[in-house]
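A.B. asks: Sequence:
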Amino acid sequence: MSFLVRTKMLKSFLSASLLLPLLAFNNASAHTVTIGYTPGTGTGEVNLWVGSYHGDDIGDGPNLEGSMHLFGVNGTTFDATVPFNIEHASGTPPSGLVVGTNMFFSPSYLAGSCGGSTTDCLAQLNSWEGVTISGLSAGDYQFSYIAPPNASAHWADWGDLGSLTIHLTTGDIGGGGDGGGNDVPEPETLALLGIGLLGVGLSKRKKQS
Numbered sequence: 088m089s090f091l092v093r094t095k096m097l098k099s100f101l102s103a104s105l106l107l108p109l110l111a112f113n114n115a116s117a118h119t120v121t122i123g124y125t126p127g128t129g130t131g132e133v134n135l136w137v138g139s140y141h142g143d144d145i146g147d148g149p150n151l152e153g154s155m156h157l158f159g160v161n162g163t164t165f166d167a168t169v170p171f172n173i174e175h176a177s178g179t180p181p182s183g184l185v186v187g188t189n190m191f192f193s194p195s196y197l198a199g200s201c202g203g204s205t206t207d208c209l210a211q212l213n214s215w216e217g218v219t220i221s222g223l224s225a226g227d228y229q230f231s232y233i234a235p236p237n238a239s240a241h242w243a244d245w246g247d248l249g250s251l252t253i254h255l256t257t258g259d260i261g262g263g264g265d266g267g268g269n270d271v272p273e274p275e276t277l278a279l280l281g282i283g284l285l286g287v288g289l290s291k292r293k294k295q296s
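For the sequence shown, my numbering begins at 88 and goes up steadily by one.
Hints in this document: simulated from the structure, not taken from any laboratory.
Backbone N, C-alpha and C define an ideal beta-carbon position, used for all residues, glycine too.
Wrong hints could be hidden among the right ones.
Here are the in silico distance ranges between beta carbons for each label pair [what the hints assert, rightly or not]:
id : residue 1 : residue 2 : range
1  : Ala176    : Thr206    : 15 to 25 Å
2  : Thr252    : Val169    : 13 to 23 Å
3  : Gln229    : Gly129    : 18 to 28 Å
4  : Pro170    : Ala225    : 18 to 28 Å
5  : Ala240    : Pro170    : 12 to 22 Å
6  : Pro236    : Gly202    : 31 to 41 Å
7  : Ala167    : Ala210    : 29 to 39 Å
Could you put the whole structure together from the sequences, leaning on the hints where they help?
C.D. replies: This is how it looks when you write it as structure tokens:
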């Protein structure tokens with residue numbers, strides 16, 4: 088093996104070795120791990136939330152940081168970015184948030200820090216921040232968390248919260264309603280569901296035969 092090849096391999100190894108702790112540090116210093124929405128109290132309103140496992144009021148920076156970006160999709164016309172203005176200093180989620188319905192964890196946090204258990208993830212939460220956005224009509228929307236560039240660990244994004252596409256019903260935005268909105272399934276989700284149903288069908292056929 089030539090000196091040049093060995094040198095390149097060593098550089099690659101060192102780069103990877105340095106990168107792994109960096110990624111781990113980024114996640115360790117980012118505590119915002121869940122995102123969700125609840126009906127507003129007034130007509131045409133919805134509350135958007137993010138939750139953190141960081142303890143509240145411990146002097147590490149502002150208790151409200153960042154903003155939410157909400158915009159219409161699939162023919163719905165709307166676009167707004169609004170700073171957070173609601174503080175919920177409790178590990179208990181704000182009223183109306185239900186895991187898997189209108190509240191979702193970071194996939195890597197759920198898998199790596201909670202062993203895939205949403206119950207364990209819920210037990211680790213300590214604080215929330217939210218914002219009320221008004222002027223909405225029923226339709227499809229996408230919203231995403233925007234952390235400030237200099238976010239404290241409290242509200243730094245874990246890294247893969249991503250954007251959430253939802254269908255808001257009149258109940259979600261009609262002054263409280265029943266919170267009946269659901270996420271709009273992505274094509275990959277629908278494909279996995281189809282595979283699962285096919286497996287169930289084949290299993291039934293084998294039992295009958």
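A.B. asks: Hint by hint, say whether it matches the structure.
C.D. replies: Quick rundown of the hints versus the structure:
no.: 1; hint: Ala176 to Thr206: 15 to 25 Å; result: 22 Å, holds
no.: 2; hint: Thr252 to Val169: 13 to 23 Å; result: 18 Å, holds
no.: 3; hint: Gln229 to Gly129: 18 to 28 Å; result: 22 Å, holds
no.: 4; hint: Pro170 to Ala225: 18 to 28 Å; result: 25 Å, holds
no.: 5; hint: Ala240 to Pro170: 12 to 22 Å; result: 19 Å, holds
no.: 6; hint: Pro236 to Gly202: 31 to 41 Å; result: 32 Å, holds
no.: 7; hint: Ala167 to Ala210: 29 to 39 Å; result: 33 Å, holds
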